[in-house]
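Visitor: Please arrange chain B on chain A, whose structure you already have, making use of the hints.
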Amino acid sequence: MQTICDGRSGEIQLMQGNQAFARGALEAGLSVVAGYPGTPSSEIVENLAKASTVRNIYVEWSVNEKVAMEVAAAASFAGLRSAAIMKQVGVNVASDFMLHLSESGIRAGMILISCEDPGALSSGNEGESRPFAKLFEVPLLEPCDMQEAKDMTQWAFALSEEIRNLVMIRSVTRLSHASGNVTLGSLPEVAPVARYKHWGTMMDADEGPMTTIPVHYRHTLMQQKLQKAVSRFEESPFNTYEGPENPEVIIITSSACTLYSREAIRLLGVKERVGLIKLGTTWPLPPRFMEKYLSMADIIFTVEEVLPFIEDSVKILASDIAGRIGIKKFHGRSDGTLPTVNELNPDLVAGGLAKILGIEYLPMESAYVELVDKAVGSAAPPRDLAFCAGCPHRASFWSIHNALEMDGREGFVCGDIGCYTLAILPTGFSTLRTVHAMGSGTGIASGFGKLGRFGMDQPALSVCGDSTFFHAVMPALVNAIHNQADMTLVVLDNSGTAMTGFQPHPGLTVDATGGDAPALDIAEIVRAMGAHVAESDPFQVEATRDKLLELLQKKGVNVLILKQSCALSPEKKGKKLFQVDLDPSVCLGEDCGCNRLCARVFKCPGLQWDPEAKSARIDEVICSGCGVCASICPSGAIKKKEVA
Amino acid sequence: MATQSHAADPYNLIITGVGGQGNVLASKLIGNILVDQGYYVTIGETFGASQRGGSVMSHLRISRESIQSPQIPRGKAHMVVALEPTEALRVLKEYGNFGVKVITNTRPVYSVAVVCGDSPYPSMDDLKGWMDKLTAAAWFIGATDEAVKLGTAILSNVLLVGALAAVGDLPLERDRFQEVMSRTMPPAKVEMNVAAFDKGRAMII
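As given, the protein sequences belong to chains A and B, one line each in that order.
Here our numbering is used: the first residue of the first sequence is 1089, the next is one more, and so on.
Here our numbering is used: the first residue of the second sequence is 248, the next is one more, and so on.
Okay, chain A solo, but in the shape it has when bound (with noise of 0.2 Å):
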């Protein structure tokens, strides 16, 4: 089996964005990655764990995405080169711990790649990290394909430790989770000995200590680096110019979107029309690159997700240089030339470069427009996101949903990210009314929590995940506790990451790269806490509810929690507890007035109502054989017989 280990110089290999950038941190002599579980981020790690079977790397999956940088910055600090890897709102985590290591600087060279989602693909937000670059002060690299994924990677080690700061390359989905051809070049043979110099002077940026302060001092040195980065952009080679010595109209471009404008260019077969920059060091601009080519037309189209980030920076450059290149006419994300929100294609950037030229673009012809529409419309059935078949989820949120009904003060449940997020849909029964951040949930609940002195008597609960739960629920719990918010937290614990593909996390035995690891255990925690702590299995749906309708009546912190691995976990995947049965004779059917309750309302996609027959049946194929549905079919009509 292939690793990105493998391969010679000089070998052309199909790599993943995520592959590519794992191989350009090895390239460059990683020693230590951390970085915390989040789509499109997580395969880095993943590759680089499986790379450490076979070179000498420490590779770690934190407990969230500040520690991550500061595990990160440890290994640089004792003379290693290191990364930190995480999803955009992973950047928001790190980001206190972010500004003071930018201004304490590091020592060995250390990145932060952050991969984001525009247009939100897995995500519940598409928020951009990119600022974070302009407000801390450090240069910014964003690649434009696999093989720059690589080459960028081990360039901004390189650029790091010449400048003694932490450098930030930006990924996206459309990267990350892409592949292509990369030109694989070698893997050096480094064997480097940690140790941390702390004896010298405060000045001493070699033997003294690791900090922020005197801050003056230290922000001009930043800002010093800054300058030096800027200076290596003038001449870098990820910046390029294609197209005439006298375009109409100049794309200015990073990232996927370099791609998009390519293809757009050639869709309007426009090549002599338009001239495209190409920029992999978006922050801060090379000011000398930028004049010589922002000189050859007036109209400047700037194509970027999602923010007009780099926009905005070409705009105050022009202005400032404005007595040399003329006055610009500026299009892109702030015009309304392209949307506002959402991620690009090459459509949209074909739409507005159409626009600006005053040309017409038609991707579909309009006959075939209509045809497949009405096909569309009668012959393929939407396709909702839904919990798995046998997701403990679902009976999780069934109990919950069932207990508050029951409760019948109008009680809530506020959540955060995870597969659960998913209960805000039918699929979980809409339970949750609000989502936001991870461990979130829990600090709202704690808020609502205090509100009974303003009348507030609605039961406020909480959900969070195992792995959530470590990374920020506990803070969140600590202060419910210590304020004495009346409020109930479910834990849904399904023994993994398993949204982004069943990472370990502090709570289980295994570690990164399947090494023993000392579990903490949550219930314990909880407890140590003073909370008041209940445990059940949500497959028993009705003690679950039970027990919940009880913590419900309770005062102060209450935690229930609810362990049942994931349905796809590899150790439960493809093994029925049970044999699921439903008798067709004791099936009411569309007579029994439940109202297809099976099918309709818990929404197994195991158990499927028969339109012909009128009644529900078991799909042998989809079923898990949780059994849950044994226990809400009103006539009994689905029997279960546990498996030997």
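Hints in this document: simulated from the structure, not taken from any laboratory.
Here the structure is a predicted model, which is why all the values come from computation and not from measurement.
Hints are supplied without guarantee of correctness; some may be wrong.
To spell it out: a stretch of chain B is covered by chain A in this simulated footprint if at least three of its residues, at any positions, have a beta carbon under 8 Å from a beta carbon of chain A; those stretches are [as the list claims (entries may be wrong)]:
# : region
1 : 283-292
2 : 324-330
3 : 334-345
4 : 349-360
5 : 367-379
For glycine and all other residues, C-beta sits at the position ideal for the given N, C-alpha and C.
Guide: Chain B alone, transformed into the frame defined by chain A:
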């Protein structure tokens, strides 16, 4: 270098299905076979929420010239390979044209809307009728049924890759397939996959 050559550059292939059907593996497999022959292959994947019942789609751009956008422009697919028949239609809505070809599995995967009785699933005759109007050529293949006969439904994707090879737009020769399989799969699984590839090739008449 390949003996066959494809007409369009880039050649735009979409592989579509539902989470868990092996889309990503099929696209990697085709990509590896073509990269070995000196092509530039760009694969864009949409698989964010795929494990939770959503549609999954891989865009493959095959070129002699360069890496391409990982998203195919609207209306510009040359070939759609579908692991699920209604997903083929959904792809045509964005990427279809009167010249497109489609190879589709006949086995439905019902969405929750169908399962709970809210939306009917179309008949195979309906689907064939639409495909007839919306494509230049369409092949309906019982890939899942044949894969089950070979031992496991998960081979459906490789069966469809075999069918794609038989259509002949792309140089996906058997020995190259076998070579990539031996490199990327545990040895015990290679033979089974080659059998599935052969079965798929034989199903294009």
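Visitor: Evaluate each hint against the coordinates.
Guide: So, going through the hints one by one against the coordinates:
1. Restraint check on the region 283-292 of chain B versus chain A: 6 residues with Cβ-Cβ distances below 8 Å, three needed, restraint holds.
2. Coverage of the region 324-330 of chain B by chain A is violated [criterion: at least 3 residues with CB-CB distance below 8 Å; count 0].
3. Counting residues of the region 334-345 of chain B whose beta carbon lies closer than 8 Å to any beta carbon of chain A gives 8, which reaches the threshold of three, so the coverage claim holds.
4. Note: the region 349-360 of chain B has 4 residues with beta-carbon separation from chain A under 8 Å; the three-residue rule is met and the coverage holds.
5. For the region 367-379 of chain B, the stated coverage by chain A holds: 6 residues have a C-beta nearer than 8 Å to a C-beta of that chain, and at least 3 were required.
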